[in-house]
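As a plain string of letters, each chain reads:
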Amino acid sequence: MSVLSAQNLNKYFYDPEKFHVLRDVSFDVQRGEFLSIVGKSGCGKSTLLYLLSTMDTDYEGQITMAGTTLTGRSQDFLARFRNEHLGFVFQFHFLLPEFSALQNVMLPGLKLGKYSAKDVEERAMEKLRLIGMAEYAHKPASKLSGGQQQRVAIARALINDPTIIMGDEPTGNLDRANTENVFAIFQDLARKGQTIIAVTHDSDFAAGSDRVIEMSDGQIIATHENSH
Amino acid sequence: MNLSIAAQIAQTHLMAKKRQTLVAMLGVTFGIAMFITMISFMQGVNQFLEDSALDASPHIRMYNEVNTQRPSLIDELRPNGFNVVHHQKPKNEQARLKNGLFIAERIEREPGVQGVSPQVATQAFYNNGPIQLSGTISGVDINRENKLYKLTNRLKSGSLNALKTNPDGLIMGNVLARKLNVRLGDKVTVTTPTGNTRVLRVVGTFGFGVGTVDNTKSYANLSTVQEMLLRDPSYITDIHVKMLDPMQALPFGKRLRAMYGYYTEDWATANTAILAGEKIRNMLTFVVSITLLVVAGFGIYNIMNMTVINKIKDIAILKATGFDGRDVVAIFLLQAAFIGLSGGLLGLAIGFGLSYLLSITPFDAGDFLSLDTFPVIFAAKYYIMGLLFGVITTVLAGYFPSRKAAKVDPVAILRG
Ligand SMILES: Nc1ncnc2c1ncn2[C@@H]1O[C@H](COP(=O)(O)OP(=O)(O)O)[C@@H](O)[C@H]1O
Ligand SMILES: [Mg+2]
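Line order of the protein sequences matches chains V and R. Start counting the first sequence at 1; every next residue gets the next number (UniProt numbering). Start counting the second sequence at 1; every next residue gets the next number (UniProt numbering).
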């Protein structure tokens, strides 16, 4: 069953000059699939992910997720959709510096309002434990290292049990052991029905996922299934 | 929108920059404290002046204007001619209100009238040995006058009854009595403009706390003044009227004027200077307070703008994780509201303290006003107004930066 469908996505940047950054990108992702996107730096992977995250609405084409057409929706609708259905791990910026790791993980959960504050806190602790950050739960985010912040951000992406988890190089700042842990978590989540879309430079990471999409100059040049 | 998360985030932001928060708060505090102090004091002055002046003056005074300009006979006959008239004398008209006592009784029966006092008022010279002072003397029915001006409360010595029983009695303004160096029981020689002289005995002194009255005026019996002026017992020059509702005096005065054909003057006209002063003081209070609040508002606007710029990554992350525009507006508006409310409350407290200090500060206004300390009014409505002003200013000042925050494009920030 298709949980995400991107059709003929085209995107331009106009500054400093008109630049066709995504060219006719179309693909589908199945429920429970673990998808990797690879390609050279500057080929448009992050740009594509921002389109899929619903935050960038300035594009041509159509995006449908979890049975909902997202193209042309209002900002407030998209915010609610993101809160409920999407977990996102950014490439550069991670956490609110003045809040503790635990609070950072809790915020999207409190916003969703599906569970009581007490339950949200319990769930957040559980996610932190999963990612190996439980002992730093009450540390302010500004006091954590880049890798630790990225792991907290992964825990945050999981808090609302989103339909789709997207990561822009989610293991970019992690050492071997932690990368393997995150990979195992993603694999487990996919097996339980959540969908993972991760941009990566790590060839082992890509090789371990279900399918790899390879991009170049804003186009999909190859798609390739991994058989395990 | 979930207010409690917004409040939690707002609180964290405020606590993270305590000094900035404090500076913004103190701006509001200063503005509100000034507002409270000024309005309490200015309104106190207004109230005091109004009370003392209005208490001492009738709501309506009816009188006959004697020195009316009148055209000369030749002007009447040849209105367009080249007429030169030298040394025209005014007609010997009396200040008398014809049927004054009768008119007074009719007015007294009208609805809304609290009391009417027909009287004879005239200029007079007061002599005590070598001291000679000019002033006025009013011949009154002291019971009726008492009903209008609560003279019993204004008496500094003596009694009203003493005047009733003594045809040669005189109740004198306390400042006038002091200047003449006379006390209760002393005799004063009073001379009318017509040249008649009579020796009266001081049976009481009064003080309204208004210099222009206490300095010049005395009361005597109506018949006494009529005799001094060589007039008959129906001679009346003024009718003073007090209304139950002072505001009714203005239309009622006009009606009386149309009905009886005599001049009427209402309290608002008689006290134009006081009322104008009141307007100016009100204006001053609001201009100064609003200026201070606007300055405080700009301070908050700047600080909130800076906060939004500093927190732009936070805003992007919040939006990316599902917070919408209204949540972001709430986060920043709550910060502004907190600054406004806490700064405002502190301002109210300081304003109260300053007003209190002012209200116990000794102030000697001399003979002109009967004041021991500065007049200050403590009224809940000023405090409510102050807090409202403070919160409205800060929320307005916080609104525009908040809108800006809500419009932040998260992608532009998160791309790095
Ligand atoms: N805001 C922008 N304005 C103009 N060009 C941009 C902007 N962001 C990215 N680009 C350009 O678009 C291309 C794709 O960028 P990006 O999607 O970040 O690549 P990747 O994530 O694959 O490394 C690059 O050539 C980059 O320089
Ligand atoms: Mg990138």
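Check the hints yourself; a few may be wrong.
Stated by the list, open to error - Partial list, derived from the structure: chain V residues whose beta carbon lies under 8 Å from chain R:
1) Met55
2) Phe90
3) Leu96
4) Gly113
5) Tyr115
6) Asp119
7) Gly147
8) Val212
9) Met215
Said to hold, decoys possible - In silico DMTMM-like cross-links for lysine to aspartate or glutamate, where the CA-CA straight-line distance does not exceed 25 Å:
10) R:Lys407 <-> V:Glu121
11) V:Lys118 <-> V:Glu84
12) R:Lys313 <-> V:Glu225
13) R:Lys98 <-> V:Glu121
14) R:Lys147 <-> V:Asp210
15) R:Lys164 <-> V:Glu121
16) R:Lys404 <-> V:Asp58
17) R:Lys313 <-> V:Glu214
18) V:Lys18 <-> R:Asp409
19) R:Lys407 <-> V:Asp15
20) R:Lys313 <-> V:Asp210
21) R:Lys164 <-> V:Glu60
22) R:Lys404 <-> V:Glu121
23) R:Lys17 <-> V:Glu84
24) R:Lys254 <-> V:Glu84
25) V:Lys40 <-> V:Asp161
26) R:Lys407 <-> V:Glu98
27) R:Lys279 <-> R:Asp232
28) R:Lys313 <-> R:Asp409
29) R:Lys147 <-> R:Glu76
30) R:Lys89 <-> R:Glu76
31) V:Lys192 <-> V:Asp161
32) R:Lys279 <-> R:Glu65
33) R:Lys254 <-> R:Glu76
34) R:Lys313 <-> V:Glu84
35) R:Lys164 <-> R:Asp186
36) R:Lys407 <-> V:Asp28
37) R:Lys404 <-> V:Asp161
38) R:Lys18 <-> V:Glu60
39) R:Lys407 <-> V:Glu84
40) R:Lys407 <-> V:Glu225
By construction, these hints were calculated from the structure, which means they are not laboratory data. Even for Gly, the Cβ is constructed at its ideal location relative to N, Cα and C.
**OP:** State the violated hints by number, sorted upward, taking the hints as numbered earlier in the document.
**Re:** 5, 6, 7, 8, 9, 10, 12, 13, 14, 15, 17, 20, 21, 22, 23, 24, 25, 27, 29, 32, 33, 36, 37, 38 and 40
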